[in-house]
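Undergrad: Can you build the whole structure from these sequences, using the hints too?
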Amino acid sequence: MSKIINSGGDEAEFAKPLYVPIKRRSFFMYAGATAGATALLLSGCSDDDDNGVTPAGMVNLGAGDVGVLNFAYALEQLEAAFYARVKASPASDFSATEKDYFVQVAAHEAIHRDFFKAAINRDAPGKIIQDLTPVFDTIDFTKRASVLSAARTFEDLGVQAYNGAGKYLKTPAYLVIAGQIVSVEARHAAYVRDLISNGSFADDSIIDPITGLDKALEPTAVIAAAQGFIKEKLDATNVGK
Amino acid sequence: MNILKLLADLAAVDPDSYERISGRRGVLASLGQTGRRAVAAAVPLAFGAVLQKAYGRQSATVLDTFTLALTLEYLESEFYKQALASSMTFPGNTRSVIQLIAKHEQEHVSFLQATLTASGAVIPAKPKFDFTGSKNGTAPALYPAVFQDFGTFLKVAQLLEDTGVRAYKGQVDVLITENDLLEAALRIHAVEARHAAHIRGMRRALKANVRYWISAKDEVITTPNVTDAVYAGENIDKQLLPDLVTFFPTPTTQILTGTKEQVAISLGEAFDEPMTAAAASSIASLFIYA
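Those protein sequence lines, which keep their order, are chains A and B.
Going by our numbering, the first sequence runs without a break in its numbering and finishes at 241.
Going by our numbering, the second sequence runs without a break in its numbering and finishes at 290.
I should point out that these hints are in silico values taken from the structure, not numbers from a laboratory.
Some hints could be false.
Derived EDC-like pairs (lysine to aspartate or glutamate); straight-line CA-CA distance at most 16 Å [to be verified]: (1) K207/B / D218/B; (2) K217/B / E261/B; (3) K170/A / D180/B; (4) K170/A / D65/A; (5) K103/B / D203/A; (6) K238/B / E261/B; (7) K87/A / D140/A; (8) K215/A / D203/A; (9) K117/A / D131/A; (10) K215/A / D204/A; (11) K217/B / D237/B; (12) K217/B / D100/A; (13) K103/B / D204/A; (14) K103/B / D208/A; (15) K87/A / D100/A; (16) K215/A / D180/B.
Some chain B residues judged to face chain A by a derived CB distance under 7 Å, without partners named [stated by the list, open to error]: (17) N93; (18) F111; (19) I176; (20) R187; (21) A193; (22) W213; (23) A270.
Beta carbons: idealized from backbone N, C-alpha and C, even for Gly.
TA: Structure (structure tokens):
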């Protein structure tokens, strides 16, 4: 199973995350022709899927609700690490107000991260993924523009991730919690976008201009987009399955 | 359909909603997979089919949710439409921003109407709105200058947007087995949150003491026993999980350095809270007179 996303971290994959779910969908269309065999294959994998780390060194987010929680935990680890850096050494061209705001955002993301850690450890002991190692080489933390651009990427991706993963949650309380977090991420996204260009909080690049809907991304597409910022290879193949 | 009666009905059934949802879940369990194959272009039609099945099986909960959502979108859409049609002065780039928000709200109205139509449900007529809150001059106005004073307009806008965010959040568990409906609701919900944040930013530009996210540090703009439901219970600093035992943060959770007060404020900000259909209905009713 893990071979499916071996290419997840390379530049080409990062550049076109939107293609990923289509590829997966067509894979399952073909698989559907032999549905019985596929079901056996998936259930045969389930023992491995539940492990935090596969023998290949890949971090498997897992299946079912726990997979979704680990998926969210991975993203919140990334965001929390990013804003912790911003808070610790803010770009010199940030205003005092902006510095203060990013201290607030850093607190929110640290809380989200710790929330998922506590929730997974309580409700699925032994299933939590490891601490991830962020890779922020492409971000110039000394420059406001670079920090804001990265922040926009993380916040919009976070919104799209929760929008796309909510349907995989089976436990109502976790779905509500995901809703409680995603709207805060959307508020962050709007704030950061307005700092970059006032009025771009919900522009046509991010909101469908016909339906007025925000975007939703499948977990594998989200991880493909985030993989470039994380050292460990993540496998989201079974999230919510 | 009489919208005021509908809102009253929603408020009346709310205490039983958990039971209704639970019962519904068993009935609809087999429908859970059908929606996932829907293609984007056919979305309202595919949604409608699911909605119709839910309705046809004498469980109107999903339909209730979409009707409440449409009512709130009518409310927001009409609010911005009337503001843009008024003689109020929009400073700087704010007119184009409000036009964008108004466009999104109208798109949400159309999307929800299409979903209801595809389900065979009767689309509730748009109620009559009075955003001064005077019920068309039959009661004292809550916001007499809503379309004359830009600051008042933004205050009401913030109340409506934050209500929308909370109301959609309060309905997600009703939609938990209807994947496509849930995803659509979440996608609208996020747009409302972006709107709310920007409106809050516009108020900041007018020197209001308010953050982009709902905070205990925000200046109070609600009226006791009238609009205070908008933020009631918003700034709690603990979260409950399935067994309803307060568990986060635990006494040993290492979250943040900072004073106890700062940590409590951050905890309140980090999670937006859901609102019941009853609360959302009562807030909407303040601006509906027929």
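Undergrad: Could you check the structure against the hints above and give me the numbers of any it violates, in ascending order?
TA: none
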